[in-house]
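K.L.:
Listed here are the chains, written in short residue letters.
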Amino acid sequence: MTTFIELLLGGLSIGSVYALIALGFVVIFKATEVVNFAHASLLLAGGYVTAVLHDDIGFWPALLVGIAGAASVGAAIEFFVMRRYRGSDHSVLAIVTIGVDILLITELTRRMGTDVLALGDPWGNEVVQIGGITLAQTRIAAFLAAGLLITVFLLAFRYTSWGVSMRAAAENPQTAALMGIKLGRVSLAAWAVAGALAAVAALFLTVFPTPGLERATSLAALKAFPAAILGGLDSTTGALAGGLIVGVTESLATGYQSDLSFLGRGIGDLAPYLVMVAVLLIRPAGLFGTKELARV
Amino acid sequence: MSDTTAEAAPLVTTAPAPGGAESFTDRLRRPRTYAVLIASVLLLALPFYLDRFWLQAGLFAMAAAIGAIGLNMLTGATGQLSMGHAFFLAVGAYSYCILAGESSTENGHALTGLGLPTWLAAILAVLLAGAAGGVFSPIAGRLRGAYLGIATLALIFIGQHILFNAGSLTGGYNGRAVPPLSLFGFTFDDTEVVVAAVPFGSSEKLWYVGLVALLLAALFARGVLRGRPGRAMNAIRDHRIAAGVMGVPVARYRAGVFVLSSMYAGLAGVLLALVFQRTVPEYFGMILSLEYLAMIVIGGLGSVAGAVVGAFFVSLLPQVLTHYSDSLPLVSAPGTGGLAPGEASRYLYGAAVVAVVLFLPGGLARLGIALPRVTRPKKSGEK
Amino acid sequence: MKTAPAPGTGTDNTTAALTVTDVTVRFAGLTALDGVSFTVEPGSVHAVIGPNGAGKSTCFNVLSGVYRASAGTVHLGTTELTGLAPHTIAGLGVARTFQNLALPPHATVADSLLLGRHRLTRSGFIATGLRLPSAAREEKRHLDRVREIAEFIGLEKALERPAGSLPYGQQKLVELGRALCMEPRVLLLDEPIAGMTADERRRTASVVANVRDSLGISIVLVEHDMGVVMRLADAVTVLDFGRRIAGGTPAEVQNDPAVVQAYLGAPE
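Chains as they are written, first to last, in the numbering used here: chain A, 1 to 296; chain B, 1001 to 1383; chain C, 2001 to 2268.
Hints should not be assumed to be uniformly reliable.
If we take Cβ atoms under 10 angstroms as the criterion, some of the chain B residues that face chain C in the derived model are [stated by the list, open to error]:
{"#": "1", "residue": "A1035"}
{"#": "2", "residue": "I1038"}
{"#": "3", "residue": "S1168"}
{"#": "4", "residue": "L1169"}
{"#": "5", "residue": "V1209"}
{"#": "6", "residue": "V1224"}
{"#": "7", "residue": "G1256"}
{"#": "8", "residue": "V1257"}
{"#": "9", "residue": "L1260"}
Covered stretches of chain A (chain B as the covering partner; in silico rule of three or more C-beta atoms under 8 angstroms from a C-beta of chain B) [unchecked claim]:
{"#": "10", "region": "100-112"}
{"#": "11", "region": "185-199"}
{"#": "12", "region": "213-227"}
{"#": "13", "region": "269-276"}
{"#": "14", "region": "279-287"}
These are computed hints drawn from the structure, not numbers from a lab. Each residue gets a CB set at the ideal place from its N, CA and C atoms; glycine is no exception.
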């Protein structure tokens, strides 16, 4: 039972980090209807900046610069690439983000080589014992930070003028534009916010017990995709639920790996995708996604 | 009505119909006929002049072209994104090995093999890839566009998991050896045959297999794209609701195209395996799927020519860079600290994807209208 | 003006009434259609009119299967259409055009029209991929019919041009032609003459009248141009805020106080 609770809590913690990534992904989709396949490399970029700077300027400033860096990379993608596309086919734009992803990933992995970079976080490998349950401090920090950011984000999405214009743009771009909402600004903000969230997530994907930032981090980041789509691509609630489901599934499958050995090694990495496929078979629009309503 | 017939005639030639086809003399007057003729002779003669390195590179490109044609029918013509192409390539490659190989022990692994005739194994491998696509069709039929792209990510991870874990079938990490193809008692292996004073090894022999496979795959796809299914596919891409209202069963078509594109990937996988002579699981990862998407975007979405041009561009680029890394600025041999050819080519095609979409809608194939196509303007399906 | 070309053999052209009974459509709390009923008599032109937002397009979307009715039924003859997929409804002979163009811009007019033949043709992946003679024969036969229809709507010169390169009015004609290519029993036209030049309007109106007179196709027409509605329609249904507020012959409807009020606003 203790193991189960530990795994569950660990899963919720990592799941909240996935939710953070998925949230950014969903925000871009809602604001611009673009599926951003470059999201994992956005995350890697943020993590890389933090990793390189933390020795010189200290962890917290480095993290801030990392967040700002990923946000500006996101904004730059929007400004220099997405905005220049003149067509209307969103599948094509999704492929453009694949091109961007190839560029970013190549550049970052070339810089990183085979190194594992530490981000210099203050929690180290300390653990906390509560009633026989052992939890790493990093997991608690991840859960709290992700929870805080998600709350702030959702409040902003609901109550600030930025959130209102974002939702209006998602609802109906033409009408929103006529109401004086600057669609370019909305989409630029969406990309920047998504980048910033991804940079924070990068920190928590690379802290203890993970060795650090490495090439494989982008694979971990990729799990935000099944999280986003099983929740429903156009739903912020879905991103949260999806993130937690993916985190818990992964944590349990990894934790009980020895009992699941008939499924082969590394089932923990596969489990989120299997859950996604199962959900999509039953609900093609995801758990919280709206069924597409045709406008004809 | 008479001028209508004259105008409409080219449309009929796209699906060569009895009575609708151009006359032979008409064809002789077109420069394109000669270009095709010269190109064919050149392609047939290449094994006599090129060394093994370039023949292999060419064969990779041909295999890639077949796979890219399949993906372009799905993504380019029907608007359904797939990240799972590498999975179906793997299904084709490994099925061939399992079906054609003998049971054996390799590196301490017991490997299962059915020992079927290799030509039969190749055909069955393609069908199995199609069947794998069919299993995924409840999702492939119901999800649209980029949604499907994310869902198919699952296939990559499922594929990698199986390849690494089902050791008795796949050979696990080490992969497995590929039995050489034999057709009518002729084996496409490295036993040397001397043709016109040129020693023919496996690459030289397979070159012709690759050419025939690519030609047939391209012709089939062209027929599909220009015929009734192609119109339905484009309608789904351009206006899904209208397609349904016109009587196109959207989900069934999406699933059907997905199966067809899986079979193309399967065929590409078989050919790749034959060229590699060894299948390894790492090759069939996500990067491979991304490369295929890059190919069709760079070449041109929705057309056969686009897929072929893009496949040659993306798969020959690293080879060219590797070969000339000494003489190219910025690029250096792998491991020397500079920009490795593999990385350099990834920068180039990553940038090419972005550049083509932004500045060259229609892709490189549209540029390649150096072959004058006087009589026939573009048809639908190219976008 | 030529009369409409008769379709080839093998198409089911028996006419049947289209009966809409108590159809209600709700989206997230909003009632777009509220218990609407009307019957389109076989071989008649039935206009559905009403101010913007009255539910006319929603009504079309239910008829063609794009939306599902929350309640109520739609029958074509004795066949129930409610709940069927759009392509099944199309297969039963219901064709429609769209208010905003739904033409692939790059496809040629001929290809767009051939798409209309989809339900009447059979060649699949294998037949077209292998270029079987059967596929080629089918293509040619249907291309002949497409030419006839193109001539009938006056687009025979534009067959090889990309549909997107034509003026707006002509693109709407292509859509009409594409629907006609389906050899429908019921034709749903969503604002077929909006955005057209006077000349194109005349042409479209006469095409519509001709289709009814010589082919006996039932036509449901959503249109804002009252002159055209009054001239063409045999019967009119008036919707306002999702409800049927009046119905009858054009003359009856024209003098109905409820209709006048809906269009001009409340008297006070």
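K.L.:
For a quick check of understanding: which of the numbered hints are violated here, in increasing order?
P.N.:
1, 2, 3, 4, 5 and 11
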